[in-house]
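Engineer: Sequence:
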Amino acid sequence: MKYAFIDSHRQNYPVTVLCAALAVDKSAYYAFHKRGISTQKKANIALLKEIRTVHKASHYTYGSPRVTAALKAQGVNCSENRVARLMRAYDLRSKTARKFKVTTHSKHSLPVAPNLLNQNFNVAAPNRAWVSDITYIYTRERWLYLAVIIDLFSRKVVGWATSTNIDANLVITALKNALANRRVKPGLIFHSDQGKQYASNAFRALLEANKIKQSMSRKGNCYDNAVCESFFKTLKTELIYPYDNIESIRIAKRSLFYYINFFYNSIRIHSTLGYKSPREFEQINRAA
4 MKYAFIDSHR
14 QNYPVTVLCA
24 ALAVDKSAYY
34 AFHKRGISTQ
44 KKANIALLKE
54 IRTVHKASHY
64 TYGSPRVTAA
74 LKAQGVNCSE
84 NRVARLMRAY
94 DLRSKTARKF
104 KVTTHSKHSL
114 PVAPNLLNQN
124 FNVAAPNRAW
134 VSDITYIYTR
144 ERWLYLAVII
154 DLFSRKVVGW
164 ATSTNIDANL
174 VITALKNALA
184 NRRVKPGLIF
194 HSDQGKQYAS
204 NAFRALLEAN
214 KIKQSMSRKG
224 NCYDNAVCES
234 FFKTLKTELI
244 YPYDNIESIR
254 IAKRSLFYYI
264 NFFYNSIRIH
274 STLGYKSPRE
284 FEQINRAA
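The numbering used here applies: residue 4 is where the sequence shown begins, and numbers increase by one.
Just so you know, these hints were derived from the structure itself, not from any lab. Careful: at least some of the hints might be erroneous.
As a list, the in silico PhoX-like pairs of lysine-lysine whose alpha-carbon atoms are at most 20 Å apart [to be verified]:
1. 216 / 188
2. 214 / 188
3. 75 / 59
4. 75 / 52
5. 179 / 222
6. 239 / 222
7. 179 / 236
8. 179 / 199
9. 239 / 216
10. 179 / 59
11. 199 / 216
12. 236 / 256
13. 75 / 179
Restraint-style ranges between C-beta atoms, simulated for each label pair [stated by the list, open to error]:
14. 126 / 25: 48 to 54 Å
15. 189 / 258: 32 to 38 Å
16. 221 / 270: 31 to 37 Å
17. 251 / 75: 39 to 45 Å
18. 52 / 270: 18 to 24 Å
Ideal Cβ positions, reconstructed from N, Cα and C, are used throughout, including at glycine.
Please construct the entire structure, taking both the sequences and the accompanying hints into account.
Structural biologist: Here's what the structure looks like:
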């Protein structure tokens, strides 16, 4: 493996430096090079190139299971163990998560809806259950707040909105965007935390006007809205944390637009969906 690494990098670095860095005897390397690379090692070098392409296309967020699934979808014959071994050898890692805290303004006297969802995150068809939450994103200008609405069927973000104010208008805008994107029928469950934005009279009126049933998590129970929690964790790990100091609100909004619409919904594969993207999962199930 070390010899193959030197071969793949000798155009960029002196062989002497590479051998010293990997504690490889230079004469042994040249003897190996003279003999030629075995068929297996040639296959590994070719597979490594494919792995690097998929890993880069995922914005360096995929670990070996997702890389393997993406390669198999492209017709590349490989096992997860082999992909994992090559990724470890060449230090190809998925971005690691950081802990984060989501604040919920639940100290209010507004009506609180019952928990209709009850952690039932697997639904049989689109537009039967949506989940929603709010998080914050730091920029050098000021905080930017993001509200998302996710369809549990496909994990697709069907509506979202940003604002520098964390008020009812933020979630109302997100819901209006979702309603513009999807055709809903009476009985759709809309689940969120007990935040005052979701409990506001204006937001509840919008739900009632569209015959949507409101559901809320139990106070202090993050597992009741685990899908949104997971999305925010993924978003911050893959988009926000690698760029700790986002310069402006404008840049943050532009980055979110690309990430949600073009990457997360359309490209990023989900283990929950059998390693399909939300868009692909919906297309497959629409045709079935």
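Engineer: Against each hint, give a clear statement of whether it holds in the structure.
Structural biologist: Tested hints:
1. Between residue 216 and residue 188, the direct Cα distance comes to roughly 11 Å. Compliance with the 20 Å bound is thereby established for this hinted pair.
2. In summary, the hint linking residue 214 to residue 188 is supported, as the alpha carbons are separated by about 8 Å, within the 20 Å threshold.
3. Distance hint between residue 75 and residue 59 is fulfilled; the C-alpha atoms sit about 17 Å from each other, no more than 20 Å.
4. Between residue 75 and residue 52, the direct Cα distance comes to roughly 14 Å. Compliance with the 20 Å bound is thereby established for this hinted pair.
5. Restraint check for residue 179 and residue 222: the C-alpha separation of about 26 Å exceeds 20 Å, so the hint is violated.
6. Straight-line distance between C-alpha atoms of residue 239 and residue 222 comes to about 24 Å, which puts the hinted pair past the 20 Å bound.
7. Under the criterion of a C-alpha separation no larger than 20 Å, the hint pairing residue 179 with residue 236 is inconsistent with the structure, at around 24 Å.
8. Distance check on the hinted pair: residue 179 and residue 199 sit about 18 Å apart at the alpha-carbon level, within 20 Å; holds.
9. The suggested pairing of residue 239 with residue 216 is violated, with an alpha-carbon distance near 30 Å, which exceeds 20 Å.
10. Proposed proximity of residue 179 and residue 59 is contradicted: the alpha carbons are some 35 Å apart, above 20 Å.
11. With a C-alpha separation of about 17 Å, the suggested pairing of residue 199 with residue 216 holds against the 20 Å cut-off.
12. Distance hint between residue 236 and residue 256 is fulfilled; the C-alpha atoms sit about 18 Å from each other, no more than 20 Å.
13. Simply put, residue 75 and residue 179 have alpha-carbon atoms about 38 Å apart, too far for the 20 Å limit, and the pair is violated.
14. Restraint check, residue 126 to residue 25: a C-beta distance of roughly 51 Å satisfies the suggested window 48 to 54 Å.
15. In this structure the supplied range 32 to 38 Å holds for residue 189 paired with residue 258, their Cβ-Cβ distance being about 36 Å.
16. Judged by the Cβ atoms, the range 31 to 37 Å given for residue 221 and residue 270 holds: they are separated by roughly 35 Å.
17. Separated by about 40 Å at the C-beta atoms, residue 251 and residue 75 satisfy the suggested range of 39 to 45 Å.
18. A hinted range of 18 to 24 Å for the beta carbons of residue 52 and residue 270 is consistent with their spacing of about 20 Å.
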